[in-house]
Amino acid sequence: MKVELEKVFERPRALRPVMTHYCPGCGHGIAHRLVAEVLDELRIREKTVGVAPVGCSVLLYNYLDVDMYEAAHGRAPAVATGCKRVHPELVVFTYQGDGDFASIGTAEAVHVAARGEKITTIFINNAIYGMTGGQMAPTTLIGQKTTTSPMGRIPERAGYPIRMAELLSTLDGAAYIARVAVNNAKHIIHAKKAIKKAFETQIKGLGYSMVEVLSQCPTNWRMTPVEAVKWVEEKMVPYYPLGEFKVPKEG
Amino acid sequence: MEKKFMTGNEAIAESAIQAGCRHFFGYPITPQSEIPEYMSKRLPEVGGIYLQAESEVAAINMLFGAAGAGARVMTSSSSPGISLMQEGISYMVGAQLPCVIVNIMRGGPGLGGIQPSQSDYFQATKGGGHGDYHLLVLAPHTVQEAVSLTMEAFDLADKYRNPVLVLGDGYIGQMMEPVEFKEATSSKLPPKEWTLTGAKGRPPNLVKSLYLDPEALEKHNLEINRKIQEMIAKEVRVETYQTDDAEVIIAAYGTVARIAKTAIKVLREKGVKVGMVRPITVFPFPYDTFRKMADRVGKFLVVEMSLGQMVEDVRLGSCGKANIRFYGRTGGVVPSYDEIVAETEKFVKEVC
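Each protein sequence line maps, in turn, to chains A and B. The first sequence lines up with residues 1 to 251 when you count with our numbering. The second sequence lines up with residues 1001 to 1352 when you count with our numbering.
In short, the hints are calculated from the structure, not lab data. Any given hint might turn out to be false.
[As the list claims (entries may be wrong)] Facing chain B, a subset of chain A residues (Cβ under 8 Å, in silico):
#1 Thr48
#2 Glu70
#3 Cys83
#4 Arg85
Glycine included, each C-beta is placed from N, C-alpha and C at the ideal position.
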């Protein structure tokens, strides 16, 4: 007898059926999936172009089933701008880490928002440089130990962590700015809603949209995955509050 | 078509539009700011996009994005700004993206000055950015030539899927001359099937320069090199000027070649048999022309607005057969024709 089973869960169409290279407990896989789910739900996979950064997610183009660029370090917003200005009908997004977006690419990050460029940025903040092996990031917390802040980040020497969501929300061209986390189920649900809103903001032509995603990096934090998700909650969220910092005027 | 009186900068900008360029990304810098100014006014008239980038770094990456999306794109700058673009240029070569870059050279190093110079020759012809690559480099010596070479540059960029550099100097950019715009001839170019337009009804396309597997990167670099070798075989352009009976040859490009033509007229009136070899492409360099010339002419005078950057290529080309002398001014000082006359006369009298 043939049993008809209802399909209640499947891999998003926009996510390729391949293994990722990410470490156990890494947040990138979750963020990738959320982006893919949103592309499916908005039915925009075939009109979307992504820009991968330099960093752990440089191989994003192996995981998402969309047209993609691999950009120079920090330059993804400029690359996305070039693409969007040629094809305004496309949906263009950048996916960037904290080194890419909050350090080497701050000029591009600030100006893409100031111009109100109709693109979306998914900004992964894990407070560390993952791909190069755990060096200090612009978002590394005060006191946090990394391979280039071995005694912990000392602000007198290394300055203070940068809050990109708050910074960009001051710019008139930024239409939707939010900070989310992917360290537990509740936060992941909120994260997906924010990512969807960000893409919708672009599709409606309202301006620049950016979602900062607090993400865990157990390997370079020298923690177990369980310790890492707790660390996001206990250390990162107090310094990087979650929520929407700017929403489009039309609501 | 009627002739128009234009500066080199304006003429370069207009010829880009005539060649089908509808997207320009740039950042102002003297002595080429008339190019972005002209584009900001003219591109909207033809349905194009002018965007002032936040830096030259961003501008070249906007070209990366626009070229990857299939558009004919251009940027322009001057020496310090071109230095800032080198990273992006290397990435564009790596990702095999066509674009046209205009460098209206000024004096360096550092912030240098704002007067004409040719001191970016090494950067333009030997690489500039990191990695195994070359740009195709076109060096006009008149405003009219700047027009035709800029228009051709777009076809060459598309043909080779490689950035093409138009290498002028402050004089070429600022000088006004009557110019004529001939209709763009559409050469047969391969379709751009690799562009990013959304993966509708096809597998996704990818524009990248990253090849983590060394064997794959070697293969990729060999493909880039194959294109460079094809440029060397097919794209060399050179003007030989009054060389038939010449006993001394001036080697010069760009504005200096223009001045040298006046010097040659004066020298010939004085009975000095002098001619000129003028590279129009400085990469690929016309080594063969110099090699053949060295078989019958013993003296080459290289004149540049630098401290002698092209002189190395002339020496390579002449295969040690000619006596090579260099005369140059630098820092934005432009050699006058009488300086070239005096230097040539001195050289001719010498027993080598």
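- Query: Among the hints numbered above, which are violated by the structure, and what are their numbers in rising order?
  - Reply: none
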